[in-house]
Amino acid sequence: NAGVTQTPKFQVLKTGQSMTLQCAQDMNHEYMSWYRQDPGMGLRLIHYSVGAGITDQGEVPNGYNVSRSTTEDFPLRLLSAAPSQTSVYFCASSSPGSYTDTQYFGPGTRLTVL
Amino acid sequence: GDSVTQMEGPVTLSEEAFLTINCTYTATGYPSLFWYVQYPGEGLQLLLKATKADDKGSNKGFEATYRKETTSFHLEKGSVQVSDSAVYFCALSVYYGGSQGNLIFGKGTKLSVKP
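Chains A and B are the protein sequences, given in the same order.
Our numbering puts the first sequence at residues 346 to 459.
Our numbering puts the second sequence at residues 18 to 132.
Possibly wrong hints are sitting among the right ones.
Only pairs whose alpha carbons sit at most 35 Å apart, straight line, appear in this in silico DSBU-like list of lysine-lysine [stated by the list, open to error]:
id, chain 1, residue 1, chain 2, residue 2
1, B, K69, B, K94
2, B, K131, B, K73
3, B, K77, A, K354
4, B, K127, B, K94
5, B, K131, A, K354
6, B, K77, B, K127
7, B, K124, B, K94
8, B, K124, B, K85
9, B, K94, B, K131
10, B, K77, B, K124
11, A, K359, B, K127
12, A, K354, B, K85
13, A, K354, B, K124
14, B, K124, A, K359
15, A, K354, B, K127
16, B, K94, B, K77
Facing chain B, according to a computed beta carbon distance under 8 Å, are these residues of chain A, among others [as the list claims (entries may be wrong)]:
id, residue
17, G387
18, L388
19, Y409
What the hints contain is simulated information worked out from the structure, not anything from laboratory work.
Yeah, the Cβ is synthetic: ideal placement off N, Cα and C, and Gly gets one too.
Put together the whole structure using the sequences plus the hints.
Rendered as structure tokens:
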């Protein structure tokens, strides 16, 4: 049971480049989300999804795009990377979508934008 | 809006010392409360949780009690070990009558335990 997986683990981009951070889970969880972690800021929600075909914005969505075509996958797209997007990105999932449920986190992607 | 405030670190303790990390919250709905732990170089994992007032969550010697009257969820451990060195996050999730409760995190407290 792999849980929540994220690729890549590390990435360096130049300003203006685009890329997709991958997230997959094998627990058949309906709810998936993306957070960014910055020093002294805790984790902040970027986007989330309550099921295939349904996504919504979190606290800091600007500059990011998501889609959810399958239950398993929830990729995060950076359309035009900026230095302010240098951060550690975590994907999480939970089931069946209740506010009492534990969220399971992936190992993270460390992104640097030059 | 909903928010979580936890004591700022870093916190440095000697092995076998008593640990308290304070966490208070503001919520307009019916919150569930969580403590997550992040070991160096890893993602977050659930340490414990409580889903209603007066519930006590416990795991690996850590405990926290959901206090509605003081809007608090302080983390405690009677005797810390070097292996407890990590960053600890307090978080809440609020039910809004059918909507998924997204997690709202505190800023994290870094704990270092010295032998």
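Taking the hints in turn, this is what the structure says about them:
Restraint check: the Cα-Cα separation between K69(B) and K94(B) comes to about 21 Å, which is no more than 35 Å; the hinted pair holds. Proximity of K131(B) to K73(B) is assessed by CA-CA distance (about 28 Å); at most 35 Å being required, the pair is judged to hold. Proximity of K77(B) to K354(A) is assessed by CA-CA distance (about 29 Å); at most 35 Å being required, the pair is judged to hold. A distance of roughly 15 Å separates the Cα atoms of K127(B) and K94(B); the hinted pair therefore holds under the 35 Å criterion.
A C-alpha spacing of about 30 Å is found between K131(B) and K354(A), which places the hinted pair at or below 35 Å, so the restraint holds. With a CA separation close to 18 Å, the supplied pair K77(B) and K127(B) stays within the 35 Å bound. Between the alpha carbons of K124(B) and K94(B) the distance comes to roughly 20 Å, so the proposed pair stays at or under 35 Å and holds. For the given pair, K124(B) sits about 21 Å from K85(B) by alpha-carbon distance, which is consistent with the 35 Å threshold.
Note on K94(B) and K131(B): the hinted pairing holds, with a Cα-Cα distance of about 15 Å set against a maximum of 35 Å. For a cut-off of 35 Å, the pair hint linking K77(B) to K124(B) stands: about 22 Å separates their Cα positions. Between K359(A) and K127(B), the direct Cα distance comes to roughly 31 Å. Compliance with the 35 Å bound is thereby established for this hinted pair. A C-alpha spacing of about 40 Å is found between K354(A) and K85(B), which places the hinted pair above 35 Å, so the restraint is violated.
Straight-line distance between C-alpha atoms of K354(A) and K124(B) comes to about 23 Å, which keeps the hinted pair within the 35 Å bound. This hinted pair checks out: K124(B) and K359(A) have alpha carbons roughly 28 Å apart, not beyond 35 Å. For the hint linking K354(A) to K127(B), the alpha-carbon distance of about 23 Å falls within 35 Å, and the restraint holds. Note on K94(B) and K77(B): the hinted pairing holds, with a Cα-Cα distance of about 9 Å set against a maximum of 35 Å.
The interface hint given for G387(A) is met, as the beta carbon of that residue sits about 4 Å from the closest beta carbon of chain B, less than 8 Å. Given the 8 Å rule on beta carbons, the hint for L388(A) holds: about 4 Å separates it from the nearest Cβ of chain B. Taking 8 Å as the C-beta contact cut-off toward chain B, the hint placing Y409(A) at the interface is violated, the least distance being around 15 Å.
Hint compliance for this structure: hints 12, 19 are broken, all remaining hints hold.
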